[in-house]
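Add chain Z to chain F, keeping to what the hints say.
Here is what each chain is made of, one letter per residue.
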Amino acid sequence: MAARFAVGDRVAVRRAFPLGHVRTPYYARGAVGDVERICGDFGNPEELAFGRRDRPRQTLYRVRFAQTALWPDYAGPAGDTIDIELYEHWLEPATE
Amino acid sequence: MASHVHDQAHDHRPPPDEDGPLSYYETMEIAVREILIEKGVFGADDVRAAIEAMDARSPAKGAEVVARAWTDPAFKDALLVDGSAACASIGIELGPLRLIAVENTATVHNVIVCTLCSCYPRNLLGLPPDWYKAKAYRSRVVREPRAVLREFGTEVPDDVTVRVHDSTADMRYIVVPRQPAGTEGWEPERLAALVTRDCMIGVTVPKTP
Numbered sequence: 001m002a003a004r005f006a007v008g009d010r011v012a013v014r015r016a017f018p019l020g021h022v023r024t025p026y027y028a029r030g031a032v033g034d035v036e037r038i039c040g041d042f043g044n045p046e047e048l049a050f051g052r053r054d055r056p057r058q059t060l061y062r063v064r065f066a067q068t069a070l071w072p073d074y075a076g077p078a079g080d081t082i083d084i085e086l087y088e089h090w091l092e093p094a095t096e
Numbered sequence: 097m098a099s100h101v102h103d104q105a106h107d108h109r110p111p112p113d114e115d116g117p118l119s120y121y122e123t124m125e126i127a128v129r130e131i132l133i134e135k136g137v138f139g140a141d142d143v144r145a146a147i148e149a150m151d152a153r154s155p156a157k158g159a160e161v162v163a164r165a166w167t168d169p170a171f172k173d174a175l176l177v178d179g180s181a182a183c184a185s186i187g188i189e190l191g192p193l194r195l196i197a198v199e200n201t202a203t204v205h206n207v208i209v210c211t212l213c214s215c216y217p218r219n220l221l222g223l224p225p226d227w228y229k230a231k232a233y234r235s236r237v238v239r240e241p242r243a244v245l246r247e248f249g250t251e252v253p254d255d256v257t258v259r260v261h262d263s264t265a266d267m268r269y270i271v272v273p274r275q276p277a278g279t280e281g282w283e284p285e286r287l288a289a290l291v292t293r294d295c296m297i298g299v300t301v302p303k304t305p
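Order-wise, the sequence lines are chains F and Z. Each step along the first sequence adds one to the number in our numbering, with nothing skipped, and position 56 is 56. Take any residue in the second sequence, note its place counting from 1, add 96, and you have its number in our numbering.
If you're looking for bench data, these hints aren't it; they were derived computationally from the structure. Ideal Cβ positions, reconstructed from N, Cα and C, are used throughout, including at glycine. Please note that a few of the clues may not be correct.
Over the 10 Å line for every Cβ pair with chain F, so calculated as not near, a few chain Z residues [claimed, not checked]:
| id | residue |
| --- | --- |
| 1 | E114 |
| 2 | G139 |
| 3 | E160 |
| 4 | R274 |
| 5 | G281 |
List of simulated lysine to any residue pairs, SDA-like, C-alpha gap at most 20 Å [as the list claims (entries may be wrong)]:
| id | chain 1 | residue 1 | chain 2 | residue 2 |
| --- | --- | --- | --- | --- |
| 6 | Z | K303 | Z | E251 |
| 7 | Z | K229 | F | Y26 |
| 8 | Z | K303 | Z | A202 |
| 9 | Z | K172 | F | R37 |
| 10 | Z | K229 | F | R37 |
| 11 | Z | K303 | Z | F248 |
| 12 | Z | K231 | F | V22 |
The following block holds chain Z by itself, in its conformation from the complex:
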């Protein structure tokens, strides 16, 4: 029955066109881009390729970093001291991105937000999810983090401190979640598959399969 209703909803209408008037900054972007292309600073294909590269980023590198931290205590210590340097030491160059890694423990649960805009370690985690950029998440997770976490299915006991990190300036953040029980001795590649994007933002925790 449910699938019948679902099928009926597929009426093959195209999505609505976003053909409203351009905003100030949309007009500005088009103008600047066209001038730069006209002056030969770069070509239209360079713009397309840059967008393709941005869209292709995924949370895989972040998961690799977390799995390494779980299996290599010296790496984890280095990661918590200087996230960018530790990533560089395993061949993950973050460029100018200044990374702070925060560790979940038996007594602390960390969660990341950028209340002012949507700062996010894209080199490690790919593009941020839409909810991360939404006003609802940005305004509420600093004000009532436990209620927001509950909506993500994450119940943090009262004897565990919730530590919100507001990424307001030049640093970017990754949460190192706790390694799920029963995964001791796993290979890093297998562990990395448990580490999702949301675990590294801190709205959930890795689940044992």
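Isolated chain F (complex conformation):
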């Protein structure tokens, strides 16, 4: 399965709020970061949670966010970061 994004790509997390077994933390939704690495293809937990094992696998990425991009009042050096694992269907090319 071809990965849509490459290491170093700037991506935005979808600002969406679906119900179900979603592995995208709320604090990352809408945030912009950089692809740190591609982890491989995995079953989509939002489908697996309902026993749907035949759905397409998703490429999983690690995306690195500046702490200051997640928390505007972050009380630490500007270089501090959070890496978060995110599935491809949660990511869009960043427009900013």
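Just chain Z, lined up with the frame of chain F:
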């Protein structure tokens, strides 16, 4: 005096029974377990043995991996590229667990959390500590990591980047701490004794004895 007060506190009362009503999922677990035993899928002793095996896991394997990384640069390079494959190469099979090792350096300090639940590399580190599963740690370490680290006695200078890793999906993490000064040339077994569970989560660093 302190020990006198301490002794008085031991009144030999049994711990409180957890005899409140069962939660939905406790009831579900009991029901499913009883049906599986009734159908002969496994026995009650298999359930007990599985719990015993889970409880018996310790951080020793993780410490072995870190000590090996400190003493074998080629292993460390391989570990940072593919943690699971590197562990398999020294006889530590992690099964389906996909391991990412992150290295502390002079300029980077790493710390691990699972904000959504309590994902943790149990095969390498044993059972997670209660604080790792608590909402306080999970919500605060992504928001104010330096304050949380300070509460663990770990002061990270401002010229060192703090890198939080949120274990949200299919990967599991281990921090490879920096080898303490003065331990050069030590045998891996002796080094492994310095590598505690908390060092490999990233809330502290190994101390020179």
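Verification of the hints:
1. E114: At roughly 28 Å from the nearest Cβ of chain F, E114(Z) sits farther out than 10 Å, so the non-interface label holds.
2. G139: 26 Å, holds
3. E160: 25 Å, holds
4. R274: Non-interface label stands for R274(Z): nearest chain F Cβ at 18 Å, farther than 10 Å.
5. G281: Holds, since 34 Å exceeds 10 Å.
6. K303(Z) to E251(Z): Status holds; Cα separation ~14 Å.
7. K229(Z) to Y26(F): 18 Å, holds
8. K303(Z) to A202(Z): Distance ~16 Å between K303(Z) and A202(Z) Cα, so the pair holds.
9. K172(Z) to R37(F): Between K172(Z) and R37(F) the Cα gap is close to 18 Å, so the pair holds against 20 Å.
10. K229(Z) to R37(F): 26 Å, violated
11. K303(Z) to F248(Z): 14 Å, holds
12. K231(Z) to V22(F): The given pair, whose Cα atoms are some 18 Å apart, holds under the 20 Å limit.
Of the hints listed earlier, the one the structure fails to meet is number 10.
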